[in-house]
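Chains A and B supply the protein sequences, listed in that same order.
When the first sequence is numbered by this note's numbering, its final residue is 115 and no position is left out of the sequence of numbers.
When the second sequence is numbered by this note's numbering, its final residue is 109 and no position is left out of the sequence of numbers.
Honestly, the hints are just simulated from the structure, not real lab data.
These numbers were taken from a predicted model, which means no experiment stands behind them.
Backbone N, C-alpha and C fix where the C-beta goes; we use that ideal spot for every residue, glycine too.
None of the hints are false.
A few chain B positions that, by computed beta-carbon distances, are all more than 12 Å from chain A:
(1) Leu11
(2) Lys55
(3) Leu59
(4) Ile60
(5) Pro109
Derived lysine-lysine pairs resembling BS3-like cross-links, with alpha carbons at most 30 Å apart:
(6) A:Lys9 x A:Lys57
(7) A:Lys9 x B:Lys55
(8) A:Lys57 x A:Lys71
(9) A:Lys9 x A:Lys83
(10) A:Lys57 x A:Lys70
(11) B:Lys68 x A:Lys57
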Amino acid sequence: DGGITQSPKYLFRKEGQNVTLSCEQNLNHDAMYWYRQDPGQGLRLIYYSQIVNDFQKGDIAEGYSVSREKKESFPLTVTSAQKNPTAFYLCASSPLTGLMSTEAFFGQGTRLTVV
Amino acid sequence: KNEVEQSPQNLTAQEGEFITINCSYSVGISALHWLQQHPGGGIVSLFMLSSGKKKHGRLIATINIQEKHSSLHITASHPRDSAVYICAVRRNTGNQFYFGTGTSLTVIP
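Just chain A, same shape as in the assembly (with noise of 0.2 Å):
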């Protein structure tokens, strides 16, 4: 079956470490996304991709990185510039064009936690 994946689900890391996100996604979708969720707020977006090797900054990009190698995947660092990397992080990914176009799918998220 034809989905996105996030993992892990939960992750620990230590204050300084940079942390990598995964996002994978076996739809074909050209456009993927990285949202941040922080309590009591919305979902906000820290960078998106519509093509391979390229992507934009979102809202909140300080302090997080991101790649488009493939396709499939698009990953997200959490550097150890982010000041408050504590937060639920979200994947999305949709096509741009075509009949499908409205399509999207969501990951079930990440929780991380840096102690």
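Place chain B on chain A using the hints.
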């Protein structure tokens, strides 16, 4: 101002009650999604709507494109429905998603 507004923010219901969660948005959209977030944080997609109404089990979602409004209804609510329900819209320009802050639902036995 948020592009997506949900109401209510918190909702407590007795088991068996009919529940309605509302979502209003201010941008042009290609689709609207209803998501369910469980206490552990995992996200489940419930519906994707671009017009009309969809039903899945005890869940019904409607959208009025002209009024920029969607509702999620839960019939015969059950404690296992307790979760946060999030409305998300996909903009028709730029293809980005905007999310509501969620409605926290607690169904009491």
